[in-house]
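Undergrad: Chains as they are written, first to last, in the numbering used here: chain H, 1 to 218; chain R, 1 to 250; chain X, 1 to 51.
Hint data in this document are derived by calculation from the structure and do not stem from the laboratory.
Here the structure is a predicted model, which means the values were calculated and not measured.
Where is the CB? At the ideal position from N, CA and C, for every residue including glycine.
Errors might be hidden in some of the hints.
[Claimed, not checked] Only pairs whose alpha carbons sit at most 30 Å apart, straight line, appear in this in silico DSS-like list of lysine-lysine: (1) R/Lys12 to X/Lys49; (2) R/Lys12 to H/Lys153; (3) R/Lys241 to R/Lys12; (4) X/Lys7 to R/Lys241; (5) H/Lys10 to H/Lys153.
[Said to hold, decoys possible] Short derived list, chain R residues pointing at chain H, Cβ under 7 Å: (6) Gln49; (7) Ala147; (8) Phe168.
Listed here are the chains, written in short residue letters.
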Amino acid sequence: MIALLLRDLKLAVRAGGGFGLALAFFLIVVVLVPFAVGPNTSRLAPIAAGVLWIGALLACLLSLDRMLALDHEDGTLDLLATAPIPLEGVVLVKACAHWLTTGLPLTLVAAPLGVLLNLPQPGYGWLVLSLACGTPALSMIGAFGAALTVGLKRGGLLLSLLVLPLYVPTLIFGAEVARRGAEGLETQVPLLLSCAITLGVLAAMPFAAAAALRINLR
Amino acid sequence: MGSIWEYANPVKFSRTVSAVLPYVAAAALGCLAVGLVWGFFFTPDDYRQGATVKIIYLHVPAAMIAINAWLMMLAASLIWLIRRHHVSALAARAAAPVGLVMTLIALATGAIWGQPMWGTWWAWDPRLTSFLILTLFYLGYIALWEALEDPDTAADLTSVLCLVGSVFAILSRYAVNFWNQGLHQGASVMRVEAVTGADTEEKVSNVFFAPLMVCMAGFVFLFLALVLLRTRTEIHRRRLKAIEARERMA
Amino acid sequence: MMPELGKYAGTVLSAYAVSLALLVVLVLASIVAARRTARQLEDAEERRKHG
């Protein structure tokens with residue numbers, strides 16, 4: 001499993017692996033927002049936390065279809081399915097690799113990008129914390145969506161349609177933590193709920209994703 | 001004799017549908033005609049909401065069907081996954097567009113009703129938001145069915161999606177409740193009295209309640225008729241595909 | 001015969017119009033699809049028997 005993780009990480013970081021793409025996308029979204037809503041800092045500040053969350057979520061979505069599709073095309077997935085590790089483990093490792101190459105960098109650059117949007121001072125810590133708690137769920141749910149659409153030629157758009165509604169709870173609680181943090185309010189409840197969603201997803205979703213993958217590999 | 005699983009046989013199911021469908025359709029048409037005419041022409045205006053209360057006869061039944069259609073799809077998906085009856089999977093597929101149209105009706109009538117009552121077409125109220133999310137789930141489910149070529153793979157994958165989607169729909173419902181409380185309390189006072197089923201029984205007098213029940217029955221029959229018809233269509237389509245595939249092979 | 005709808009006439013009537021239109025479209029689409037597949041299936045069964 002660790003070998004698989006390292007292999008996925010290596011493939012992602014290599015040129016054309018899409019490693020920097022999500023970060024660049026995140027940056028562009030954040031840069032575009034002030035153009036759309038105006039440069040007024042008093043208007044940007046209250047929406048900064050939400051915009052950063054949406055940007056991170058969309059950037060995460062962008063790279064989902066490569067998570068399994070590439071391995072499906074060259075037959076790696078069939079080999080993995082017959083490998084001694086269970087398919088649930090494979091999916092979990094894939095999601096983990098996706099998080100390490102997408103969710104984690106997004107979390108780290110969110111704070112500098114917050115400066116661009118005039119995020120209020122107390123919000124930075126909470127923003128990073130909420131993204132760190134929420135993005136693993138995004139990767140894992142995304143792995144399920146990728147498993148559903150892996151056999152399709154043009155699954156990308158369908159993947160977004162399937163995955164976005166599933167992102168609602170994660171987004172609500174995560175963005176709520178960041179927003180409340182930025183406004184200096186109490187954040188414990190949404191933070192705990194966000195962690196609960198992530199843990200629940202990590203526990204249950206590999207089984208659903210592996211089931212979908214098995215159906216597709218039949 | 002008498003086991004419900006007999007209807008897992010597509011031929012038997014189709015024959016039964018053909019026998020039953022006219023009666024179900026007639027019941028739907030009858031109940032809807034009686035309920036809507038009764039509600040529209042022969043009920044008084046509400047003292048607070050005026051004539052807009054008449055929208056309840058469409059809004060509430062449509063919303064009820066929209067939710068129950070998903071539950072029916074969930075049950076059908078489970079039956080397909082556990083017992084591998086094709087009719088069950090096809091019934092789930094047949095119900096999805098009906099459920100989608102019902103959510104659209106509920107949202108549209110809700111918006112039209114909300115405009116004069118709360119002064120806005122749309123509010124990010126928990127109930128409305130959950131319904132919007134439900135619409136998205138329907139869209140994704142239908143899109144996945146359409147996208148997949150192989151019928152058995154499609155049935156399997158959509159069933160898995162339906163199960164996972166159900167869990168997330170419930171999660172979203174609670175998440176949305178939480179989120180909205182954080183944003184604005186009190187905005188939903190008007191509508192809770194106006195729309196929720198439980199309050200309809202308590203607050204709205206029998207004048208409105210009886211025709212509403214008839215309309216509910218009408219919508220249930222309509223849903224049943226449409227699902228039966230569409231399931232039979234799906235069965236035919238599947239058989240057609242099988243024959244065409246065999247012709248290509250020959 | 002038309003009940004007195006007062007100032008909400010437009011609201012109520014548009015709600016009914018939208019809903020009934022959606023229902024009619026749904027029902028007609030279902031019936032048309034049913035007819036078409038039934039006919040196609042019949043043709044196919046004929047071909048199978050005689051072809």
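Undergrad: Each hint: holds or not?
TA: Checked hints:
Simply put, R/Lys12 and X/Lys49 have alpha-carbon atoms about 21 Å apart, close enough for the 30 Å limit, and the pair holds. Only pairs whose Cα atoms come within 30 Å are accepted, and R/Lys12 paired with H/Lys153 is rejected, the gap being roughly 37 Å. In summary, the hint linking R/Lys241 to R/Lys12 is supported, as the alpha carbons are separated by about 19 Å, within the 30 Å threshold. For the given pair, X/Lys7 sits about 54 Å from R/Lys241 by alpha-carbon distance, which is inconsistent with the 30 Å threshold.
A threshold of 30 Å between alpha carbons decides the hint, and for H/Lys10 with H/Lys153 the separation of about 25 Å falls inside it, so the pair holds. With 7 Å as the threshold, the beta carbon of R/Gln49 stays out of range of chain H, its nearest partner Cβ sitting at about 31 Å, so the hint is violated. Because the beta carbon of R/Ala147 sits about 5 Å from the nearest beta carbon in chain H, less than 7 Å, this interface hint is met. Because the closest C-beta pair between R/Phe168 and chain H is about 5 Å apart, less than 7 Å, the hint holds.
Consistency note: the structure conflicts with the earlier hints numbered 2, 4 and 6.
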